[in-house]
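**Q** Protein chains in written order, with my numbering: chain A, 24 to 376; chain B, 24 to 376; chain C, 24 to 376.
None of these hints come from the bench; they were simulated from the model.
Model, not experiment: these values are computed from the prediction.
Any given hint could be a false lead.
Which copy is meant is left open, so a pair is good if it fits within one copy or across any two.
With a straight-line Cα cutoff of 20 Å, these simulated SDA-like cross-link-like pairs (lysine to any residue) come out [claimed, not checked]:
(1) Lys371 / His117
(2) Lys257 / Arg122
(3) Lys257 / Ala331
(4) Lys326 / Ala310
(5) Lys357 / Leu367
(6) Lys371 / Ser38
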Amino acid sequence: MNIADIKAFLGRYFSSIELVGSGQTEITSPAKIEEAAAGQVSFVANEKYHRHIAQSGASLLIVHPKAPVDEAPEGMSFLMVEDPYTAFVFILRHFAGERRIVESGVAASASVASSARLGHNVTVGENAVIGERCVIGDDTVIGPNVVLLDEVMIGSECTLFPQVTIYDGAVIGDRVTVHSGTVIGADGFGFAPQKDGSYVKIPQMGTVCIEDDVEIGANTTIDRATMGETVIEKGAKIDNLVQIAHNCRIGGDTVIASQAGISGSVKIGRNCLIGGQAGFAGHLELADKISVAAKAGISKSFKQSGQAIRGVPAQPMRDQLRQEAQIRSLGEMKSKIDELEAQLRELKTRLNG
Amino acid sequence: MNIADIKAFLGRYFSSIELVGSGQTEITSPAKIEEAAAGQVSFVANEKYHRHIAQSGASLLIVHPKAPVDEAPEGMSFLMVEDPYTAFVFILRHFAGERRIVESGVAASASVASSARLGHNVTVGENAVIGERCVIGDDTVIGPNVVLLDEVMIGSECTLFPQVTIYDGAVIGDRVTVHSGTVIGADGFGFAPQKDGSYVKIPQMGTVCIEDDVEIGANTTIDRATMGETVIEKGAKIDNLVQIAHNCRIGGDTVIASQAGISGSVKIGRNCLIGGQAGFAGHLELADKISVAAKAGISKSFKQSGQAIRGVPAQPMRDQLRQEAQIRSLGEMKSKIDELEAQLRELKTRLNG
Amino acid sequence: MNIADIKAFLGRYFSSIELVGSGQTEITSPAKIEEAAAGQVSFVANEKYHRHIAQSGASLLIVHPKAPVDEAPEGMSFLMVEDPYTAFVFILRHFAGERRIVESGVAASASVASSARLGHNVTVGENAVIGERCVIGDDTVIGPNVVLLDEVMIGSECTLFPQVTIYDGAVIGDRVTVHSGTVIGADGFGFAPQKDGSYVKIPQMGTVCIEDDVEIGANTTIDRATMGETVIEKGAKIDNLVQIAHNCRIGGDTVIASQAGISGSVKIGRNCLIGGQAGFAGHLELADKISVAAKAGISKSFKQSGQAIRGVPAQPMRDQLRQEAQIRSLGEMKSKIDELEAQLRELKTRLNG
């Protein structure tokens, strides 16, 4: 694929692309800008990395139209687009090709219930188990050793990596990716306390709905609802080892980083960013576009959209940063008090003297 | 099942139940009070939700004898019991029925060692692997793709959901439920440091004992003891993604929320409540009935039963809340110091003037 | 095995061992010092446990040459070595023997791609799936229900416990142990934000390299790199439920406790100790031999080797402990301010009076 081909390929996604330099050089792979060599393509999206341009060995750089290309090494070409990062992502996707998870078709060792219905071109890996009345959409790939209990519905073009478990009744949309070890639809954690200190299990009769274009990392757990549904809305992205408890609703295009924990019945808005190891108390609401710092402990609702919150307990970013600064200056504060005390003592001595 | 039938059914669990209204209405399913419609049953356990009674469309509500039923819509019936919440849980269990995890019997694709002994009516799912000399009690269900290494003993009426792994020698009681992806009995994390900075692995020769009526969530890890046993006592409930290290003892009817981490050799008493993402340093002891707030970091033992603790490092709730309030008022404190300083300066000026 | 045999066995690892007492007593098992009985061996490594010697029922104790053996019960023998702890670990390893995970050979129910190459004496458990062009070294044990996607390379003498998943292209060294449920090589968590609030997935084209002598606990996740490699260097030990994101490099002989989370592109030095539930922001560097306290939140690089850090955000141990002490004395500080205020008021009254 030469540079002109890449320009044509990016033309599918971007209306305006300008080529600076030769279009003839053959490009064989993508690379990081510091490591790129002849025949490779890289990118600069952030102004502060423009200084890398002069040192790079790449044959092609994807840059913003305002990038300073004058200082580029001889022979380097540029494709200029408004969003060089996303353009490079599309180039990565082109070079990545399709990852083979398992051979096409239904493996002989898979157990598919006779009442299950599989769409066109469904792949089912070795030892996968598909329960009664499951429905699987076209072009979906079920990896080896995946288990679907009864009546799971999965849309089209989904990928379930090996060892995923989906409990009975869960509904998964189209183009959903679930990484290995993730468990969807296990029982919510609900027990009714009894007078003798023991607990009676509350049946978890609800289900889970994962909407289209969601990606879920490895070893994450998303519990079914007690009654009703736990919902992950369209386009949400969830990292590894995340806990999403019963009856949560995670808004569309919200991103949740690794090891965050969302307690029962929490509603998170759209386009939020939830940092790693953040934790939510139950029954809270977050508005849209809220950014939650890593390790935050959210103990109340935040209903104003677009704000950033941080700390344990979480508060608006500015308040929390001010508080952290005050804590850092405690030593200074203490010195000042000691000094005031000394001055006051001296003053009294003078007055009494 | 009509309302009179439900009254009779609850009579198995409660000595005193009063019916207000007709017993003839047919009830087909349970629902949340805000969503319940004709033919459905719901409940109110907490006084502050009594206001929902007048708006509910439910045909039957389970309430406390003191609930204000006068304002109820026409045609609504009530069953009055001391503990409406638990009564509703039993109704949920009735309507939930038995969840089918897998077909009864031993799947043809399961690998059961010839030296393993299975009780009556044991179910073993597809691709499950049962090691040498395992013993499995009556009516226990082993889900698909579960692996039991050698000499695992499991009691009666247990449910192991798909993809559970239990290492060699672990002992599981009766009526234990383990959700998917959970690993019981992996090696404790123990390595002896050597002079050159490397580590020699300490063999983990102990085992794990899970007593009766324990429920364990998904993707949780409970390590075997170095020597002796890691013990989860009768009736404890453990959520998803919890870490319980080697040689821990978790007391009976203690509840541990998601993503909590219990380091090696910690002893937690009975009837404790451990909040999500709480973490324990090693070799600590907690007395009975201690409540640990979410995200707490427990760095010493708490030997007085019944207390609530919170914070990092954790301290008694009242001390921690006072400290949090002091931190919130640091700005005020700073202003006061500045004012004292100004006043003192003024005073000095006057005296010197 | 009598005591003289144990002395000879330890002679393989230690140049200097002294026997005090009889070498003839038969030793059948190891035990904790408080629990050891006749026929058992235990150890004392730490001076503060020397008081246990007089009470122990063990027939043999492994101790330091300076241990006070005069007060020992009659008939107790001693082996004296410089590092009694490690000596005892070797004795534990001897008595532990080899844990059988699965029968030798390749199970009939395993699916091994015809293009995969297996070394001598490789064991492959039931329902394990080994993808195209995988290479597995001599004496390696692949547990039941393990899945290796295509082109995974595994060295010699490795142990993969049941239900491990390794994605395509990962490279694992010699003598590596991976516990159940762990996922190596899943996609890094990378998505390019679009103007409409949605995300485009960034292909994760890199891989994972786990060097020799690494041990990884259960249900841990180690993501593949976006480009390049995620690397776990030789001898590192990683506990359960740990998250290691794309493009991280974990230094040799570094130990990471349970539920720690390492964000993308973090470089951790050699011989570090990372406490449980610690969390790292992305793109940071830690020098060698740094000790990170449990629950710390590391938000910047620490480039001076050998230091201890703690807190959220993490700072050098001494600064953090001072700060924690200052916070604990806030009540006192407030009292002092109130007192200064009262004194000042009194002083003013006097001056005005």
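**Q** Run every hint past the structure and note whether it holds.
**A** Status of each hint after checking the structure:
no. : hint            : result
1   : Lys371 / His117 : neither (81 Å within a copy, 77 Å between copies)
2   : Lys257 / Arg122 : neither (24 Å within a copy, 29 Å between copies)
3   : Lys257 / Ala331 : neither (23 Å within a copy, 40 Å between copies)
4   : Lys326 / Ala310 : within (5 Å within a copy, 39 Å between copies)
5   : Lys357 / Leu367 : both (15 Å within a copy, 17 Å between copies)
6   : Lys371 / Ser38  : neither (79 Å within a copy, 73 Å between copies)
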